[in-house]
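Protein chains: 2
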Amino acid sequence: MRWNRYVPMLAALCFAAGVQADEGMWMPQQIPALGDELKEMGLQLDPGAFADLTGFPMGAIVSLGGCSAAFVSPTGLIVTNHHCVYGALQYNATPERDLIADGFLARTREEELPALPTARVYVTTAIEDVTATITGPLDAGLSDLERAKRIDRSRKQMVRECEKPGDLRCQVSSFFAGELYLKLTALEIKDVRLVYAPALGIGNFGDEQDNWMWPRHTGDFGYYRAYVGKDGKPADHAPHNVPFRPQHHLKVSTRDLDPGDLILLAGYPGTTKRLVTAEEVRDAQEYDMPTSIRYRELLLGILYAQGEGKREVQIRNASRIASLENYLKNFRGTLEAFDRDRLLQRKLQSETLLQEQFGRNPDQAQRYAAIRGEFSRLLAGQRAVRDRDTLYGWLYRASPMLAQADLLYRTGVERAKTDDDERDEDFQQRDWPRNRNTVERMQREIEINSDRAGLRAFILETTMLPPGQRIEVVDAALAATGAQGTEAQVEALLDRLYGGTKMADLDARLAMFDDSTEALRQRGDAMIGFAAALRLLGERIEEQEKTFAGAEQRLRPQLIAAIRDMKQGRLAPDANSTLRVGFGQIKEYAPRDGVVYEAQTTIRGVLDKDTGARPFDSPARLLRLAEQERFGPYADPDLGTLPVGFISTVNVTGGSSGSSALNARGEIAGLAFDMNWEGIGADWVVNETYVRTVQVDARYMLWVMDAVDGAHNLLREMGLPVHFAQ
Amino acid sequence: MRWNRYVPMLAALCFAAGVQADEGMWMPQQIPALGDELKEMGLQLDPGAFADLTGFPMGAIVSLGGCSAAFVSPTGLIVTNHHCVYGALQYNATPERDLIADGFLARTREEELPALPTARVYVTTAIEDVTATITGPLDAGLSDLERAKRIDRSRKQMVRECEKPGDLRCQVSSFFAGELYLKLTALEIKDVRLVYAPALGIGNFGDEQDNWMWPRHTGDFGYYRAYVGKDGKPADHAPHNVPFRPQHHLKVSTRDLDPGDLILLAGYPGTTKRLVTAEEVRDAQEYDMPTSIRYRELLLGILYAQGEGKREVQIRNASRIASLENYLKNFRGTLEAFDRDRLLQRKLQSETLLQEQFGRNPDQAQRYAAIRGEFSRLLAGQRAVRDRDTLYGWLYRASPMLAQADLLYRTGVERAKTDDDERDEDFQQRDWPRNRNTVERMQREIEINSDRAGLRAFILETTMLPPGQRIEVVDAALAATGAQGTEAQVEALLDRLYGGTKMADLDARLAMFDDSTEALRQRGDAMIGFAAALRLLGERIEEQEKTFAGAEQRLRPQLIAAIRDMKQGRLAPDANSTLRVGFGQIKEYAPRDGVVYEAQTTIRGVLDKDTGARPFDSPARLLRLAEQERFGPYADPDLGTLPVGFISTVNVTGGSSGSSALNARGEIAGLAFDMNWEGIGADWVVNETYVRTVQVDARYMLWVMDAVDGAHNLLREMGLPVHFAQ
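Residue numbers (numbering that gives the first Met the number 0), protein chains in the order written: chain A, 0 to 725; chain B, 0 to 725.
Hints listed in this document are in silico derivations from the structure and should not be mistaken for laboratory results. A portion of the hints provided could be inaccurate.
Any copy will do: because identical chains look the same in the list, a pair fits if it lies in one copy or spans two.
Each computed SDA-like pair below joins lysine to any residue, with the alpha-carbon atoms no more than 25 Å apart [what the hints assert, rightly or not]:
(1) Lys586 x Arg603
(2) Lys416 x Asp235
(3) Lys586 x Pro258
(4) Lys272 x Ala368
(5) Lys608 x Gly332
All values derive from a computational prediction rather than experimental measurement.
Bound-form chain A, shown alone (with noise of 0.2 Å):
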């Protein structure tokens, strides 16, 4: 038993054999020890490749900050989702050149376009244990917010460190909840540009109505290119820059694929809450979720009546609501999932197998029984403020504008801070470029009837709030109006802040970026008042999230090390968007008695779901060669047809998308970019009968590059052979 003891994970990790292989995002170090396992589902590779970084096939992943990636030829050619570029085809569109409808082709560098100014390739170089740096120094007596403080002081400078050099980005990184703090050093390309992407009726087939689901016939699949300076260093956006030579690039494989067959998924998942406690599970599920799904519900309302009929309207509203929506089916579902598959009762279940296990000795149990009071105690106090503390982030959400007076605000005050260490995360020297292109790119969305509606309906909720949980700041503004009932004076409010202030205006947010705090204090714009008083509230909101965190860092550790004791030292971290590796078999489901979901979709589908109206609204020459079976080699020999899409049994998150889906060579099978409805639960409770990982066939890719695109340049720079005509 060491489930109270600290143990450095690099060195630790032990795995008893014959445990359910498709459960794990694997640290990639934790890959050489599942070796036997993975040489018994077909792995024709070296296990103990997948440890090292640089080699081959990792060192051809990356991340897009978001999305996940990987390098498919020597100059710089990445292969991704197309909902991972869809960002820059909207940047790119004009009313002239719907590049968002049609797709986009280079067909030679030229014509590349630059992808969002905030694009960024980031090649992970280097993975170091710094555990002990960080955690060394702590005294027990600290504090909470004090321990937090200081890990995060730590942290900061470790990454100031780390980015000296210049064109890295660093970050630390904790796992297992603190147990485990690993510096994380990767490349970052600032020149990113868009190659290719196929039509919305390829690339986006089916929308937010096939969103989520399994059968799937989505070709999400898009192309990107890496530019550095002439130097070989990363560069800002210029003409004259050159594409990235990877050190590895992965073969996009044309072999045929079974059910049975061996995928690894290499990517960056984003976040999952597998090791939480039961308790949390529990206040997700009757509180967290619900209120989610509730606020997205009225703010969602709020963007569609909005838009009625008012196409400028929607299209700057578009990608606010493809965000709302797409968490919103995503929570239901998991709500849907937690009830079906009793996910609460499972963990809870697994809980009482630990206490069971300590209960043999009792010096332990009442230790683990003293972590888990402490705990228990810690999210009471949570759930105490979490009316407000929710609301409170959502008045951001409903209104961009008040967003950006936050951005701006906050920006003014972290910048007049003389110590970079002492500002706040992501407002500190190295985040303010970043911050600065997300002024400009907010403009976009930024829609004034549909942001006042939107802060109107949620200033509403506030004056709901129960006592013992106002926020006093916008009491206090409404009561300042003088305007008699509630009503009258959130308009009065909404009056004064939408009268007297600039945030719709570019030229002006982009100069109060700028601005010191006095200079964007005498401008006395309403927005920035507003937000400003605001941040009162954030400021106790991140010191008692802080203390939490400091606690949490102190306890959590301890009730992970039990669970992985449980599980005989065979443990994943929870996702981090820190590069990991899955791994499972291609594999059919029964969602429900009586169905099966086939492994495997083919075109059959595309031609079925196809009505010529979005979102099933396939590009004429896909048809045309569909109905003709003009599938050339890259049909499926077994289905005797052009195959489209394929699940697996391996598991996935936000920020999985564009992941690699390998195949036993270590070439890419498919790309991963969405998981199925049945295991939406997964990110806190893996049903292995139901969850499985959603990809594009990459000979279905290949088909439409070939034949329906005709992007044979970008083929031929592959490595692959072309088999249609133009």
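Chain B: place on chain A using the hints.
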């Protein structure tokens, strides 16, 4: 080629080998000729046996008038669908004894309850080819109207003659649109009693949500018993009656069922339209079904609104709502299928094939074209008044009180005629007792506010009819109110109708049922007066229909004979509520790319779907036994659990409900109770890939009877062992 020659059908059936076996609802007499196919599919009985309607197994198959059923004991026990005994449950339910929700089991004969007064069991005893008698005397020079009238008259005479001995119900049915006339004689058993039905949470598990759907988990079965007088002859309900002793009854089987097994379905399918022309299919797709959908939605909206918050109103309207919803879903599904499977295009293609065939013989081609042309003109004539005629029919659906008024008025008029053969069909002497029962039965469905709201909506619809299709009687009645504006006129008319009618009063209606026309007139009932005026249009429409029927009888057999030739003689007639046998096998299907619907469902699905609330509210005892996996010998050895339902490639239509699904030995393996959503266009065009019939598995029926409801008395009566203690 003999498409243009009349060929007596019973003699002329000869089949080509190797043709698809599943599409037909075969006349029993056609089965022997299909013997080789059946033997190959596994039949262990003599195929010739199916032509003997009084032998085994056909002698056990009965009609309930609208539902199919079978004798399962020597003492008149009948098994059918739960939804076929539903009316009897409703009829006997009281506030103290909720038979609908709880189900019902008579543990002794004395506890059995009378079914509805209109309940009947029809035991077919003879079929005779009477084509020569009906069509022989018809002169080619007759007008179409006269032709139809003569056929009607011959049929009526034949029926009266047939029914003379008493206790019999005879009908002369047209097959292949008048190519063949058969006289069907059935024993009419009038004392029908409710013996057993499981709880609603079994018998109607899933209700509307699952209706027309597969995979399915409904235990849609129930039991009646047929009683006769002590002399063995049919008699009105009386305590001293004795159970009917059928010549044959079927065994309910616990044998294993597997995909690929032969299934024969014996029952009384109502109506199909598979032999109509493509033009008629187009009319149905483009006008009839969309219009019916629109009117159903209109009326349903009204009925739901009327019932809001009023349980009493909901109950009164429940049956109307169920019936409107049922075909609303059907029509929506049919249109979806038409669209998805391009059923009209298939039909058009097969007509093109026909034409090509005739193209080789110019003389025949010309005749065929002439017939098609004439038929087409007839259809155009119908089309010119279809808005009016369709809406006319809906007035009576909208207002059950108007329908009652019509029934009473017509009863008076027709009874006044001295020659029974001159009386309208359904208003002959033989129909009076049943019609009187209808007057009684309808009392439960009359709800004045809903009635008025419904009639209001449809009268408003009549005001929007195009010129040339006006319902003049309604126009005149509205104008006569003297009110200003359409809405006011409608209200005034409704005030007059509902203020001056006794249609909601059962005693008054029963008295009127016996009134002479004159006596009825003198009562001055406003609704009867309105119905009488509307009859003028009704009569015109009936004359139109008769004219069409006469022409149809003259032309359509020739079109059908052409189809038969193309199918090398292997053609089943369209369903017409007569006894039919279909056959096929237990088989899965793929409703769409990547999805397989398995051929069998299990108790797992019941547990998964159960929510504890309608319509997924299994009885607690069922859930407990299922959770404990106490299935006894009813479990399926391959599935490893209790089977619930299965699908077969046989096809069905309305009226097939309760049809026995026989295994290769002629035992009951299940009961058909629905068809699948994907196959729903099969009334028009059969797409073998999708069309399936949904059966409840006999093993599920027996497990429910044995383990859940303890219907051990019935199991013993059926000669089956009991495996569970009470």
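Verification of the hints:
1. For a Cα distance limit of 25 Å, the shortest separation of Lys586 from Arg603 qualifies both inside one copy, at 20 Å, and across copies, at 21 Å.
2. For a Cα distance limit of 25 Å, the shortest separation of Lys416 from Asp235 qualifies neither inside one copy, at 27 Å, nor across copies, at 100 Å.
3. For the homomeric pair Lys586 and Pro258, the shortest alpha-carbon distances inside one copy (5 Å) and between copies (23 Å) are both at most 25 Å.
4. In this assembly of identical chains, the alpha carbons of Lys272 and Ala368 lie at most 25 Å apart only when taken from the same copy (21 Å versus 73 Å across copies).
5. Both within a single protomer and between protomers do Lys608 and Gly332 lie at most 25 Å apart by alpha-carbon distance, with minima of 23 Å and 16 Å respectively.
In this structure, only the earlier hint numbered 2 is contradicted, and the remaining ones agree with it.
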